[in-house]
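If you're matching them up, the sequences are chains X and U in order.
Under the working numbering, the very last position in the first sequence is 289; numbers go up by exactly one each time.
Under the working numbering, the very last position in the second sequence is 289; numbers go up by exactly one each time.
Intra- or inter-copy, both count: the list cannot distinguish identical chains.
Cut-off 27 angstroms, straight-line C-alpha distance, at most; resulting in silico cross-link-like pairs (DSS-like, lysine-lysine): (1) Lys205 - Lys249; (2) Lys193 - Lys92; (3) Lys287 - Lys193; (4) Lys249 - Lys287; (5) Lys92 - Lys249; (6) Lys287 - Lys208; (7) Lys193 - Lys42; (8) Lys287 - Lys205.
If you're looking for bench data, these hints aren't it; they were derived computationally from the structure.
All values reported here derive from a predicted model rather than from experimental measurement.
2 protein chains.
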Amino acid sequence: MPKHPVGRRSETLRELLRLPPGERVDLAGHDARATPGARDGKQAAQAATAHTGRRLARLQERLWAAGTAGDHRRVLLVLQGMDTSGKGGTVKHVIGQLNPSGCRIRAFKAPTEEERRHDFLWRVRGALPAPGEIGIFDRSHYEDVLIARVRHLATPAEVGSRYGLINDFERELAEEGVTLVKCFLHISYEEQKRRLLRRLERPDKHWKFAPSDIDERALWPAYQEAYELALERCAAPYAPWYLVPADHKWYRNWAISRLLLEHLRELDPRYPEAGFDVAECRERLLKQT
Amino acid sequence: MPKHPVGRRSETLRELLRLPPGERVDLAGHDARATPGARDGKQAAQAATAHTGRRLARLQERLWAAGTAGDHRRVLLVLQGMDTSGKGGTVKHVIGQLNPSGCRIRAFKAPTEEERRHDFLWRVRGALPAPGEIGIFDRSHYEDVLIARVRHLATPAEVGSRYGLINDFERELAEEGVTLVKCFLHISYEEQKRRLLRRLERPDKHWKFAPSDIDERALWPAYQEAYELALERCAAPYAPWYLVPADHKWYRNWAISRLLLEHLRELDPRYPEAGFDVAECRERLLKQT
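Okay, chain X solo, but in the shape it has when bound (with noise of 0.2 angstroms):
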């Protein structure tokens, strides 16, 4: 049963899908075939989705343009999920309707050698948007409580400090401009069960997939768990979590169009007045031969 309510007219996405921070999270709780918000079904939140692609692609320009003249605001989406939670697809279907020069995307693996050398937070920070950007994080810092959690591949007194530096951390990203919208993709065990054989099903989507996807299912309790912690630890008013229900792809796509949206239409970036005499400028070019 959906635990969202279908929400009045006026009520934003935003506040439909918010955890409330410091607010214990159950995902069990949380239905991953809901809508919330999504009144009209699957064909009216595709022209939706579409709709506010056009909507974000006109914002994010405005926003480009005004990091071109001073403006430090940006935007950092963040996508954490199980593994075929649509973290890629996300990527594929919202942020393709961006023009691609303004965006800057990241997928975190494993990390590397160098990585390790320096302190989790280290390859996030080389990674951020611009002035102007909009950041894209797929898979993030949260690894670093999730997989490190769950796979203990960091001492439980290091993971355990680690949601303080994350709280630090985004804080900071905050005051610099930075707008966080941090969304976790909720899907439902049987749906990843689905996705899973169909990736072994089409040779077209082998490349996808890796046994050891298996052996990470096999955990799915403890990384629920894991990601509880993280939800509840780290969703900040500066920095919310947004838990979007994810088995419906049309429907996550369409969320997380709208809370692009919402919040760039709250931080309405303008164009810049020009920083020049632009009837001075029009006279000399058209005196050039």
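Let chain X serve as the given structure and place chain U on it in line with the hints.
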């Protein structure tokens, strides 16, 4: 009068637009309003560009998939051209059709202090596509034989030595599996004036304009000469230059999409074979509760 023949059906656009290595280039002899190979006009070309975009996206996925399995091949699109020639528009409209995850885009501006402490190819090496990726340079190492020559940012001897260094560099890239697609976006002096005036007329375009654009425009003949030299000296069979008439934006988008498609089809990247026992994985997965 168009310099390019309209082309037989069997002729590729690569053959039509490629500048023959080692031959003198006379830009004045190339009509920037020409539309070689686009026989059916604007609307048909726009529909063809969208269709080509979908084919490009499918080939891009194969290239990426092959890259995950050890195929070192990748593509590097180099965009050069005078101010307003449409480098940014190409990224938006042509590259915007691809999956942004697999694109590595870099716009080169005036070198930073750090970049100036290194040789001119240093910053370029740091922006190359990884295996499986499509790299896009909006301006490139060619600026170091263009503005550097026109504005005397380096001695004539230094600039003179760079053509050979560029050729060595690009040969090295080709040997490492990089397919170079270098496009010179050729616009006319008159069209540039129209586009600059438009930027002045529209407040939402002011941010794209700087008074220095007018000073650069005053050096048009010197830039054309610098381009002619670069196109002549750095066209090689492994790193061809394509002259893309760019007064018509629809033609530019059509032509560059098409050039990328022809190159990617030749690469013919393949989804890799599964490196694991598919049936065994399927069984394990089905056994999981």
